[in-house]
Amino acid sequence: KYNHAKTFSGFKDNTENEKILVIDQTYGDMAVELGGANQETFLLMLETAKKENPNATIYIKTHTDVINKYKKGYLTQVANQKSIILISDDVNPISLLKNIDKVYVVTSHMGFEALLLGKKVITFGLPWYAGWGITDDRHKSINQIKNNNRRTDANVLELFIASYILYCKYINPYTGQAGTIFDVIDYLIKIKKFNNKLRGTVNLVGFSFWKKQVLLPYLNLPSIKCNAYSIKKFKKIANNQNNYSQLIAQKILIWGQGKNSLYPFIDNLHPIRVEDGFIRSIGLGSNLVMPYSLVFDELGIYFNSQSKSELELLLENKKVDQYQIEKAISLQKLLIKTKLGKYNVGEKVSIKSINQKLKIILIPGQVEDDASIIYGSPKITTNLELIKIVRKNNPDDYLIYKPHPDVLSGNRIGKIDTLEALKYVNEVIDYVDIIDCIEQVDEVHTMTSLAGFEALIRNKLVVCYGQPFYSGWGLTVDKYPNTRRTRLLTLHELIYIVMYEYAIYIHPDSLNFTDPETLIHYLNNKKLSNKSSIKQNWIKKQFNKLKQIIFLIHKLKSSKIR
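Residue numbers for the sequence shown, in this note's numbering: 1 to 562.
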């Protein structure tokens with residue numbers, strides 16, 4: 001039922017004594033009153049548990065709302081007895097119940113969760129799961145309910161189907177439409193995993209005001225407390241030994257590879273690196289358009305081939321089942337149908353070589369000081385070097401060079417003079433949609449561009465002159481292979497791991513977590529109506545940024561970042 005709390009780490013009591021759990025509830029809860037119980041019921045339950053289990057260790061589990069001091073419990077005042085141990089930590093109920101031998105309950109839903117785990121459950125109230133022959137029921141009215149034909153014999157699976165599947169109605173958390181229990185479970189697994197990754201105090205280091213704001217929706221989780229520091233202030237804090245010891249136990253977030261001024265001490269703090277995801281937005285990040293997908297990597301970052309990242313470990317080890325393969329196939333079809341990629345900007349273009357028999361090769365330009373080239377392309381590091389070597393290796397083919405949109409916008413470096421480029425390529429195309437280009441060519445040759453991954457999705461041959469995250473798995477032609485990558489993947493295994501396991505998404509309107517399909521549908525509708533230019537002046541960028549910040553502040557008034 002509740003999924004925000006940390007996993008129970010186990011009891012300090014290492015004896016073989018039976019462990020008995022007595023479950024408290026919030027005072028005045030209607031489930032208690034309508035379940036035929038009151039304060040005396042809880043006291044009787046506790047005394048009975050002690051009497052029936054004289055050699056066991058008795059634990060009382062308080063309700064989450066009592067832990068957070070929103071309400072009081074029925075057993076709060078008696079929980080300090082020497083023979084009783086109070087579990088006051090907010091822990092995941094299922095993980096706690098796995099360590100328990102027997103459960104005493106009044107009407108709490110934890111009683112049914114204990115049944116799901118095969119535990120013996122003794123009820124002192126009239127919860128919905130009592131009276132079916134699977135619990136030890138002590139309430140005086142339980143026989144009356146049975147005699148009135150309101151109960152028959154049923155097993156746990158039958159009760160689960162009746163209550164969780166037939167009785168409850170579900171909303172798909174991604175779409176807001178009617179859904180199934182499986183939609184909710186899928187969502188909760190993903191968000192619980194992300195919540196656990198960032199659990200505790202999270203320190204944002206070196207983020208600009210703008211980047212802090214766009215991070216807010218991703219950090220709007222129940223188990224996170226955030227602080228934000230400039231690099232100068234953080235280094236000053238970290239230089240104090242007492243502070244440093246505390247920082248070791250906390251989470252440190254930095255953008256991408258991190259700024260040089262953070263080194264070398266930041267590596268000892270094991271930072272989580274944040275970077276744009278692979279379906280990002282309608283518009284460029286350098287034009288201050290908010291990202292609707294990010295990655296949070298505890299080991300490295302996906303564009304740095306010099307060291308392992310979470311993505312690389314997933315690609316090397318994650319087993320993808322048939323259901324997940326089907327999801328990847330469906331997502332691939334959706335991406336092809338909607339023609340969506342990372343930035344989703346540019347015009348349509350018709351690409352035709354004069355000689356129809358010539359192979360057409362697309363060379364996507366990159367930002368030359370981009371970290372993906374610095375850390376992911378050990379040999380070829382400039383756009384001019386790339387087009388020269390592609391021409392050398394393909395002397396008779398039709399080569400098309402497409403400059404990176406961030407370079408065209410004037411925001412980043414990497415521009416090649418058109419006349420210089422035309423010495424090696426047949427055509428230079430500027431303000432066009434990269435996906436539209438990919439669809440019309442035979443091959444894509446790149447250093448580390450995400451266009452290579454987008455080309456794989458569209459079943460194109462991809463030749464890598466660097467070591468992007470999608471290379472080395474048997475799907476690309478690798479000029480400079482990464483020897484760490486030894487596994488052979490199918491395209492759909494790659495798509496699933498990258499798009500579902502690694503990246504996280506938020507909905508542009510609600511700022512709630514979403515899935516790639518919902519985001520793609522949303523961005524596709526926006527793309528069809530988008531008329532903004534790639535190249536924007538400073539005033540327009542700042543105006544767009546201001547609009548987005550106002551929207552974020554309005555939606556996230558209770559932000560926990562200081």
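These are computed hints drawn from the structure, not numbers from a lab.
Certain hints may be false.
Claimed, not checked - What follows is a set of in silico ranges between Cβ atoms, one per label pair, in the way DEER data are often shown: (1) V78 / E501: 42 to 48 Å; (2) N243 / K333: 35 to 41 Å; (3) K527 / A178: 23 to 29 Å; (4) N317 / K233: 37 to 43 Å.
Note that the Cβ used here is the ideal one computed from N, Cα and C, for glycine as well.
Quiz item: Between N317 and K233, does the C-beta distance stay in 37 to 43 Å?
Solution: Between N317 and K233, where Cβ atoms are some 38 Å apart, the hint holds.
Quiz item: Is it true that V78 and E501 lie within 42 to 48 Å of each other by Cβ?
Solution: 47 Å, holds
Self-check item: Verdict for K527, A178 (Cβ pair) under range 23 to 29 Å
Solution: Holds: the Cβ-Cβ distance is about 27 Å, inside 23 to 29 Å.
Quiz item: Per the hint of 35 to 41 Å, is the separation of the Cβ atoms of N243 and K333 within bounds?
Solution: Given range 35 to 41 Å: violated, Cβ gap about 51 Å.
The structure fails to meet hint 2 from the earlier list, while all remaining hints are met.
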